Amino acid sequence: MDSHSYFLRAQGASEECVAAIFQGRVDDAGLTQAEQALLDYAKLITEAAYRSTPQDVQKLRDEGWKEEQIAEAVYIIALFAFFNRVADAFGIPSQNYLAMGKTAS
Amino acid sequence: MRDSSQSASIEGEQAVPKIQIIEDDQATGETASAYDFWRAGSGRQQVPGIIKCFGMRPDFLRQVVQFSNTVHFSEGHLCRRHKEMIAAYVSYLNNCPY
Numbered sequence: 001m002d003s004h005s006y007f008l009r010a011q012g013a014s015e016e017c018v019a020a021i022f023q024g025r026v027d028d029a030g031l032t033q034a035e036q037a038l039l040d041y042a043k044l045i046t047e048a049a050y051r052s053t054p055q056d057v058q059k060l061r062d063e064g065w066k067e068e069q070i071a072e073a074v075y076i077i078a079l080f081a082f083f084n085r086v087a088d089a090f091g092i093p094s095q096n097y098l099a100m101g102k103t104a105s
Numbered sequence: 106m107r108d109s110s111q112s113a114s115i116e117g118e119q120a121v122p123k124i125q126i127i128e129d130d131q132a133t134g135e136t137a138s139a140y141d142f143w144r145a146g147s148g149r150q151q152v153p154g155i156i157k158c159f160g161m162r163p164d165f166l167r168q169v170v171q172f173s174n175t176v177h178f179s180e181g182h183l184c185r186r187h188k189e190m191i192a193a194y195v196s197y198l199n200n201c202p203y
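Chain order of the listed sequences is A and B. Sequential numbering from 1 applies to the first sequence in my numbering. Sequential numbering from 106 applies to the second sequence in my numbering.
Next up, chain A with everything else stripped away, as it sits in the complex:
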């Protein structure tokens, strides 16, 4: 959460967006409808990829996401399933990048 919330802010996301996503409040993150659909899909694939349907993917196309973007989103979602599990199993603590970044700016 911390590392990539920090990187999200570094990539130009607003403080409101970063804070909301850090707390899982996607509806309060000031996202476009398309971005919200992308994160809803990320939640589905994270929690129950086996339950995803062609209609779930069509929702993303209907919001303007291209096929290659949807595929890449799946790669990132799965990549973080991998990293999150490694980090949690090893028990590495947060680096507090987000808090450090705030005081540095």
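Source of the hints: derived by calculation from the structure; they are not laboratory data. Fair warning: there could be bad hints in the mix.
To be verified - Some chain A residues near chain B, calculated using beta-carbon distances under 10 Å: (1) 2; (2) 31; (3) 35; (4) 76.
Stated by the list, open to error - Stretch by stretch, here's where chain B covers chain A in the computed footprint (C-beta under 8 Å, at least three residues): (5) 41-50; (6) 59-73; (7) 84-95.
Said to hold, decoys possible - Counterexamples of contact, computed for chain A against chain B with all Cβ distances above 12 Å: (8) 53; (9) 54; (10) 55; (11) 56.
Note that the coordinates shown come from a computational prediction; the quantities given were computed from them, not determined experimentally. We put the beta carbon where it would ideally sit given N, CA and C, even for glycine.
For this one, chain A is given, so just place chain B on it according to the hints.
The following block gives chain B in isolation, referenced to the frame of chain A:
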């Protein structure tokens, strides 16, 4: 924020990982070389905890760094901002404070 109390045992001010990690100043041989590989690419000296998790397999560590750079730390079909948005949210969903 989700409960992160299971992430590591706390000893004084320093959280102790649940599985041994080879720290920067303890790395030797191929692990040290793999940490230097990360340093050369990042321009930073202190190897992040997530990279040190792969210190026991320095060959794999190099591949992890490479594929992370290829698919995540890059502008691709998705922009970096959207990738970080996904990464941050997925980490929240997976209850990963790191």
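Provide an ascending list of the numbers of those earlier hints which the structure does not satisfy. Hints that this structure does not satisfy do not exist here, as all of them hold.
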